[in-house]
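Peer 1: One-letter residues, chain by chain:
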Amino acid sequence: MIVIETKNVTKVYEGVVPVTAVDGVSIQIEEGEFTAIVGPSGSGKTTLLNLIGGLDHPTTGEVWIGGKNISHLSKNELIDFRLHHIGFVFQAYNLIPVLSAKENVEFIMLLQKRSKSERISRAKELLKMVGLETRMNNRPGELSGGQQQRVAVARALASKPQFVLADEPTANLDSNSTAQLLDMMHDLNKKEKMTFLFSTHDQRVIDRAERVIMLEDGKVVGSELNG
Amino acid sequence: MITQIAWRNVWRNKVRSLVVIASVAVGIWAATFIAAFSSGMRHRYVETAIHKEVSHIQVHANGYLDDPELSESIPDVNTMISQIEKIPEVKSVSSRLLVNAMAATASASTGVLLRGIDTLSENNTTGIGKNLVEGNYLSGAALPAYISSELADKLHLKLKHKIVFTFQDAQGYMISAAFRITGIFKTSNSTFDLQNVFLRDADLSALLKMDGEASEIAVLLKNDIDVPAVISKLKSQFPQYDVKDWKQIAPELALTVDSLNETLYMFILIIVLALVFGIVNTMLMAVLERTREIGMLMAIGMNRKKLFRMIMTETFYLSLVGTPAGLLLAYITIVLTGKYGISLALFAQGLSSYGISKMVYPELEASVYGVIAVFIFTGTLLASFYPAIRALKFNSVEAMRAV
Ligand SMILES: Nc1ncnc2c1ncn2[C@@H]1O[C@H](COP(=O)(O)OP(=O)(O)OP(=O)(O)O)[C@@H](O)[C@H]1O
Ligand SMILES: [Mg+2]
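Protein sequence lines correspond, in order, to chains A and B. With my numbering, the residue at position 21 of the first sequence is 21, and numbering never jumps. Position in the second sequence counted from 1, then plus 227, gives you my numbering.
These are computed hints drawn from the structure, not numbers from a lab. Because the structure is a prediction, the values reported are computed rather than measured. Where a beta carbon is used, it is the ideal one built from N, C-alpha and C, also for glycine. Among these hints, one or two may not hold up.
[Said to hold, decoys possible] Simulated pairs of lysine-lysine, BS3-like, Cα-Cα distance not exceeding 27 Å: (1) B:532 <-> A:68; (2) A:219 <-> A:68; (3) A:160 <-> B:532; (4) A:219 <-> A:124; (5) A:113 <-> B:387; (6) B:387 <-> B:413; (7) B:533 <-> A:68; (8) A:113 <-> B:620; (9) B:460 <-> B:413; (10) A:124 <-> B:413; (11) A:160 <-> A:193.
[Claimed, not checked] Part of the chain B face toward chain A, derived, beta carbon under 7 Å: (12) 236; (13) 288; (14) 624.
Let the sequences and hints guide you as you build the complete structure.
Peer 2: Quick look at the structure:
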């Protein structure tokens, strides 16, 4: 089943000199994929992920998520759509600093109006899965960068999304933490059948992806499967 | 959990939040104290006027107030007084025979109002005997006169000196009589002092041949709130007479009360405005500082309603802590100053001619605390609207890109 499909998507940033950040991209992501979008800085990775994640509207073209065209949804409809269908992991500033790891994971389920007992048990279970059962009650400021990213992944999964979108999740991490985070994401991909789409320009991360989509100047210049 | 996040957000920048809480508290304290001070001053002013001059209620013959003539007097006043004294709310009753006269000495003269009074009941009603500064209160001579020190100075008179009053009786005959100054008084109202001279009712009515008659009956009550009830009793008991409360007798008193109120509301408004600007500024800072975080919250799916509620709740907490603190502070200040009073000795000279006493005892009705709290509370909530709306305008992509 196709989870993500972009149909000839273009994003132009208007300005003194208009920038075509994403230029006629058409890609399809199947359920259960573990795919990296790679490319040099400024190639349009973040812009493309924002379009797929419903954080931004394409200038032309369409974005379909789970068989639904989200290109024409209003701002408010998009917020609701993101809450229920997409899990996000950002490069930094993922977590609410005044909440503990467990509360951060619970928070998204609260937004989804899930019951308290479900919230607590699922938050504990997910934090255990990402190896943070002993750090559940610590606030982000008391966690390492890698631990914070793992909480973010747990939070992304907590909302039971159709896929997890991660824009350079390892950009601020050392190689040890990078490896740990990727192991964990890969694990979740296999055990939970969770679809992951992430961007990176880190070769170690690219090597771990099962499929790689290459961007350059906003265009897809190649797509390959890693053996 | 949103309220929990809001509460914790309040304490992210402790100093800043404490400054806002403190300014809410100080604002409420100042507004409340000003209200209490002005209410104390007003009360003092009105009470002084009622207890020393006007009394709660006055009864006159129907035409007297329009044309204060001896012919418009109340006959058989003693029966009437004993009937009024039977009303349980009444504290004391005093009747007066009033006549305009020329007061003359060998070297000077001036117009005065002679007040023929029953010494005991007048003292019970206006306390005029307590204002004695020299001599005796209407005793110690065949025809004693009780005049103020202001008048004594003006006419170059001393104790035991003679003073001659010339006035017309009801038939228009001129009467002159020499009285001896046996007592000198001083009230807090210098205008009153210059214009009034007290004589014994018996002496004056004998000269006027108006025994048992009076121009005016002043009624002092035990409690201010009983005025309307006693007014209606008196009106039904004495329909042929003109019964009026202190507001009708001295409309300028009521006017002063109103203008004090207006000044008070201006003060409170200014304080609230200052607070509102302070809070807008602080909360705007708190919101802009968290641009990335708010962008992230919107990105993961926190809708605007919840975001708005979170930021409003943060402000709400700030005033929730500040408001009771300010009220408590104000309450303590008001109780203490209300007990010991605040001396206006510095301005006493000027105030005295308006009949305001030197000490002010701040006081406040419980309901006014509530009104002020609601006022400031609403102000702070209104102030949080703008920052909250600013946060809603964030675009999550741009917000997260912001440094
Ligand atoms: N809001 C914007 N306004 C104008 N131009 C923009 C905006 N956002 C991105 N761009 C431009 O669009 C192009 C693609 O940017 P984008 O952030 O998508 O690249 P990226 O591949 O994510 O780069 P990086 O690896 O550095 O994160 C760049 O040329 C960038 O300057
Ligand atoms: Mg990027």
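Peer 1: Look at each hint and say if it fits the structure.
Peer 2: Hint check:
no., hint, result
1, B:532 <-> A:68, "25 Å, holds"
2, A:219 <-> A:68, "24 Å, holds"
3, A:160 <-> B:532, "23 Å, holds"
4, A:219 <-> A:124, "41 Å, violated"
5, A:113 <-> B:387, "94 Å, violated"
6, B:387 <-> B:413, "17 Å, holds"
7, B:533 <-> A:68, "26 Å, holds"
8, A:113 <-> B:620, "24 Å, holds"
9, B:460 <-> B:413, "35 Å, violated"
10, A:124 <-> B:413, "84 Å, violated"
11, A:160 <-> A:193, "11 Å, holds"
12, 236, "6 Å, holds"
13, 288, "78 Å, violated"
14, 624, "5 Å, holds"
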